[in-house]
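2 protein chains.
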Amino acid sequence: MPADHLDATFAALADPTRRAILARLALGETSVNELAQPFDISLPAISRHLKVLEKAGLISRGRAAQSRPCRLNPRQFKTAADWLNQYREYWEESFDRLDEYLRKLKYQRNKSKQDKSKQKENPHAHSPRKH
Amino acid sequence: MPADHLDATFAALADPTRRAILARLALGETSVNELAQPFDISLPAISRHLKVLEKAGLISRGRAAQSRPCRLNPRQFKTAADWLNQYREYWEESFDRLDEYLRKLKYQRNKSKQDKSKQKENPHAHSPRKH
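These protein sequence lines are chains A and B, in that order. Sequential numbering from 27 applies to the first sequence in the numbering used here. Sequential numbering from 27 applies to the second sequence in the numbering used here.
One chain only, chain A, in its complex shape (with noise of 0.2 Å):
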C-alpha cells in the first residue's frame, strides 16, 4: 500500500459526515439517494463525499449507471487499523502503569484506614514509654 493511499485514507476518515455514511454503509450496499435522506446535505455534496471515499479505498462503487450502488471496502479500513495498531503496546503499557498507580494508591489508603482503626482500639500502643 503506498504511502499517499494511507494520507487519503486518513483525511477521508478526518470529516464527521464520511465517517457518518461509512457507518450506514456498515449496514449494508445502498444507492446514493437512500444514502443522501438522513443526511441534510444536498446529492452533489454527498456525491463529493462519496469520491474522496472512493479514491480513500475505504468503498467500491457498483456499475449500474442509475444507481451505482455503495458498499464498504473493509481491506482499507484493515490497512488503516494496523498502521495505528502498531502502537497498541504504548496504550497498554501506558494503561498499565495507570492500572499500577491506582492499585498503589488503593493500597496506601487501606493501609492507612488499617493503622488508624488500630490506633481507635489501642491508643496508646505508640505512645513512647514512661520510666
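These are calculated hints, taken from the structure and not from any lab test. One thing to keep in mind: the hints can contain errors.
Note: identical chains are not told apart, hence a pair may lie in one copy or across any two.
[What the hints assert, rightly or not] Computed list of lysine to any residue pairs in SDA-like fashion (alpha-carbon distance at most 25 Å, straight line):
#  : residue 1 : residue 2
1  : K104      : R123
2  : K104      : A52
3  : K81       : R123
4  : K81       : P100
5  : K81       : P64
6  : K77       : A107
7  : K77       : D41
8  : K104      : T43
9  : K104      : H31
10 : K81       : Y116
11 : K77       : E55
12 : K130      : Q145
13 : K77       : P42
14 : K81       : A107
15 : K104      : R129
16 : K77       : A46
17 : K130      : Y116
18 : K139      : L128
19 : K137      : R123
20 : K81       : A37
21 : K81       : I67
22 : K104      : Y116
23 : K104      : L128
24 : K130      : D141
25 : K81       : G54
26 : K77       : Q112
27 : K77       : R87
The structure displayed is predicted, hence computed values, not measured ones.
Assemble chain B onto chain A, guided by the hints.
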C-alpha cells in the same frame, strides 16, 4: 471524545512526515532539535507538524522552555484505533469469504488433476459403452 477531536486526529495522521515523527517518538521522548535531524525540512516546518500532532492529542510536550521534549500520547492512538476496530467484523468476514473461495479453488484444481491422472491410468473408463 468530541467528534472534532477525532477529525483532528485523523487529519494529523494524513501526512507521511507526521507519521514518521510519530514513529521516531515511539523510540522515546526527544527534543525538537534531535527530532528534526533525520528530516530534510526546516525547524519551523517541524514545529508546525508538532503543533498539529499536539492539537490532535497524539503527542504531548514538556514545559522545559528551550527543548520542550515531545512524547507520544498513546491514549489518542487508542481512540482512533477503537473507531476503526468497530469495522473489524467486516474485514474479518471479507477475509473469511476470500479464504473460503481460495479453499474451493484449490479443491477444484486438485480434483481436476486427480480426474486427469485417473483418465491416464484408465483412458476408456468414461467412454460410452458399446452395445
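**Asked** Of the numbered hints stated previously, which ones are contradicted by the structure, given in increasing order?
**Response** Going through the list in order, the structure violates no hint and respects every one.
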